[in-house]
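Engineer: Chains A and B, in that order, are what the protein sequence lines are.
Be aware that the first sequence starts at 1, since it is given in our numbering, and climbs by one per residue.
Be aware that the second sequence starts at 166, since it is given in our numbering, and climbs by one per residue.
By construction, these hints were calculated from the structure, which means they are not laboratory data.
All residues carry an ideal CB built from backbone N, CA and C; glycine is no exception.
Treat the hints with caution; some may be incorrect.
[What the hints assert, rightly or not] To give an idea of the interface, some chain A residues facing chain B are shown, with a C-beta separation under 10 Å as derived from the structure:
id, residue
1, 50
2, 54
3, 58
4, 62
5, 79
6, 84
7, 85
8, 89
9, 100
10, 108
11, 124
12, 126
13, 141
14, 142
15, 144
16, 163
[Claimed, not checked] Derived SDA-like pairs: lysine to any residue, alpha-carbon spacing no greater than 20 Å straight-line:
id, chain 1, residue 1, chain 2, residue 2
17, A, 116, B, 238
18, A, 78, B, 282
19, A, 78, B, 312
20, A, 116, B, 235
21, B, 325, A, 117
22, A, 78, B, 369
23, B, 282, A, 117
24, A, 116, B, 229
[What the hints assert, rightly or not] Pair by pair, the computed Cβ-Cβ distance ranges are:
id, chain 1, residue 1, chain 2, residue 2, range
25, B, 397, A, 154, 56 to 64 Å
26, A, 121, B, 383, 23 to 31 Å
27, A, 138, B, 260, 20 to 28 Å
28, B, 261, A, 10, 46 to 54 Å
29, A, 7, B, 261, 50 to 58 Å
30, B, 420, A, 36, 44 to 52 Å
31, B, 351, A, 130, 30 to 38 Å
32, A, 43, B, 333, 23 to 31 Å
33, A, 43, B, 237, 29 to 37 Å
34, B, 261, A, 80, 35 to 43 Å
35, B, 324, A, 43, 47 to 55 Å
36, A, 132, B, 261, 39 to 47 Å
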Amino acid sequence: MVSATAESIWALLQQVEDPEIPVLNVVEMGIVRDVSMEADGITVAITPTYSGCPAMDAIADNIVSHLHAQGFSQVRVKTVYAPPWTSDWITEEAREKLRDYGIAPPAKKACGASAKPWLEGPSHAGCPFCRSGNTELRSEFGSTACKALHFCNTCHQPFEHFKCI
Amino acid sequence: MTQPPDTQTPFFEFLLRHADDLLILGQRLSEWCGHAPILEEDIALSNIALDFVGQAESLLALAGEIENAGRSEDDLAYFRDEVEFRNLELVEQPNGDFATTMVRQFFFDAYAYPFYKLMAQSQHVTLSGIAAKALKEATYHLRHSRNWVLRMGDGTAESKHRAQTAVDQLWTFTGELFFQNHVDQALVEANLIPDWSSVREEWTEIVTSTLEEATLRTPENTFMAQGARLGRHSEHLGHLLAEMQILARSHPGATW
């Protein structure tokens with residue numbers, strides 16, 4: 001049996017990729033909330049990014065199989081809801097990786113801070129390809145729950161934006 | 166096993182009401198997948214449906230824990246009969262045309278936003294977490310449906326006619342949004358949830374101001390349908406559940 005500290009498990013979890021955006025890991029996404037070393041095994045607490053995120057099962061499976069592969073046989077994953085996930089938890093480093101991957105990263109908080117946020121206008125994002133600010137929102141919804149579709153008027157490419165939530 | 170309404174613990178009953186709203190509305194929206202008028206709306210409605218089903222799953226999982234009878238969120242979603250469902254009559258209405266779907270959606274979103282804003286303050290840690298997440302999603306759902314009501318109402322003669330017809334036909338289901346009884350009272354007294362009576366006022370403000378801006382008429386003095394919160398549903402729910410539940414019921418206990 002391999003013995004370990006919670007710190008070493010956190011380090012191992014940085015090797016578990018987000019299934020949708022493989023350049024990011026589940027720790028820098030803010031999905032892993034807690035690691036608890038108990039007498040009968042390890043409990044990893046994760047939180048969903050969006051309520052219906054279909055990748056959560058895959059993430060839980062990947063965490064279990066990755067830790068199994070490292071020699072930890074007793075691994076449990078549990079889902080926690082409080083505090084609710086916010087895109088603010090995505091690290092600076094992860095935001096750069098998103099941009100390099102071609103996805104405009106989320107803005108930092110101040111989104112949703114107004115009294116009537118449902119009256120706000122469309123969001124804006126800089127083009128991850130040519131960095132131009134001359135872009136427009138095409139649809140608030142994209143290929144996954146967390147992304148919106150924009151278009152760059154400078155380099156004429158559509159791009160996805162990780163929504164601030 | 167069929168349980169008469171309101172005999173189970175108030176918290177379980179409360180969670181079913183709100184989980185069922187989300188589950189049934191999510192099922193209705195998913196019927197648009199592949200059939201929406203434009204691609205962006207096909208994606209939008211599918212994403213919104215996914216948000217709802219995810220929220221329903223979280224609330225049903227919590228309900229199963231509270232009931233403590235060994236029922237999981239899947240058991241509750243797929244193996245309850247019609248009379249055990251606690252969703253609003255509004256959400257089981259058929260999709261109809263795009264205007265009907267959007268007006269139904271707007272009426273629901275204008276309620277979900279203030280409702281989950283309050284529930285996020287619940288003393289129950291898991292409920293407040295689920296509600297805080299649902300609130301974030303309800304915000305952009307409301308933005309989306311409200312924008313469509315504006316565009317259709319203040320649009321062409323055709324879109325205005327369809328939007329007004331939808332408003333007139335669905336208005337009778339809006340009273341039930343604010344239905345409360347001893348279930349809610351017990352939870353407020355137990356300090357589990359805040360008093361959510363103010364939701365009616367906030368909903369009315371959002372809806373009447375939007376309909377006015379959309380140059381649509383707000384109906385008056387309409388009879389309000391009721392009973393669905395106590396398991397008395399319209400003729401539509403049975404058909405919807407048959408479609409939703411048949412696969413699980415045909416292969417009970419099956420796993421991937």
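Engineer: Against this structure, judge whether each hint is valid.
Structural biologist: The hints, checked one at a time:
| no. | hint | result |
| --- | --- | --- |
| 1 | 50 | holds, 6 Å |
| 2 | 54 | holds, 7 Å |
| 3 | 58 | violated, 12 Å |
| 4 | 62 | violated, 16 Å |
| 5 | 79 | holds, 8 Å |
| 6 | 84 | holds, 4 Å |
| 7 | 85 | holds, 7 Å |
| 8 | 89 | violated, 13 Å |
| 9 | 100 | violated, 25 Å |
| 10 | 108 | violated, 15 Å |
| 11 | 124 | violated, 15 Å |
| 12 | 126 | violated, 21 Å |
| 13 | 141 | holds, 4 Å |
| 14 | 142 | holds, 7 Å |
| 15 | 144 | holds, 8 Å |
| 16 | 163 | holds, 8 Å |
| 17 | 116(A) with 238(B) | violated, 33 Å |
| 18 | 78(A) with 282(B) | violated, 25 Å |
| 19 | 78(A) with 312(B) | violated, 38 Å |
| 20 | 116(A) with 235(B) | violated, 41 Å |
| 21 | 325(B) with 117(A) | violated, 26 Å |
| 22 | 78(A) with 369(B) | violated, 39 Å |
| 23 | 282(B) with 117(A) | holds, 12 Å |
| 24 | 116(A) with 229(B) | violated, 34 Å |
| 25 | 397(B) with 154(A): 56 to 64 Å | holds, 58 Å |
| 26 | 121(A) with 383(B): 23 to 31 Å | holds, 25 Å |
| 27 | 138(A) with 260(B): 20 to 28 Å | holds, 25 Å |
| 28 | 261(B) with 10(A): 46 to 54 Å | holds, 51 Å |
| 29 | 7(A) with 261(B): 50 to 58 Å | holds, 56 Å |
| 30 | 420(B) with 36(A): 44 to 52 Å | violated, 27 Å |
| 31 | 351(B) with 130(A): 30 to 38 Å | violated, 59 Å |
| 32 | 43(A) with 333(B): 23 to 31 Å | violated, 54 Å |
| 33 | 43(A) with 237(B): 29 to 37 Å | violated, 19 Å |
| 34 | 261(B) with 80(A): 35 to 43 Å | holds, 39 Å |
| 35 | 324(B) with 43(A): 47 to 55 Å | holds, 53 Å |
| 36 | 132(A) with 261(B): 39 to 47 Å | holds, 42 Å |
Going through the hint list in order, the structure does not satisfy hints 3, 4, 8, 9, 10, 11, 12, 17, 18, 19, 20, 21, 22, 24, 30, 31, 32, 33.
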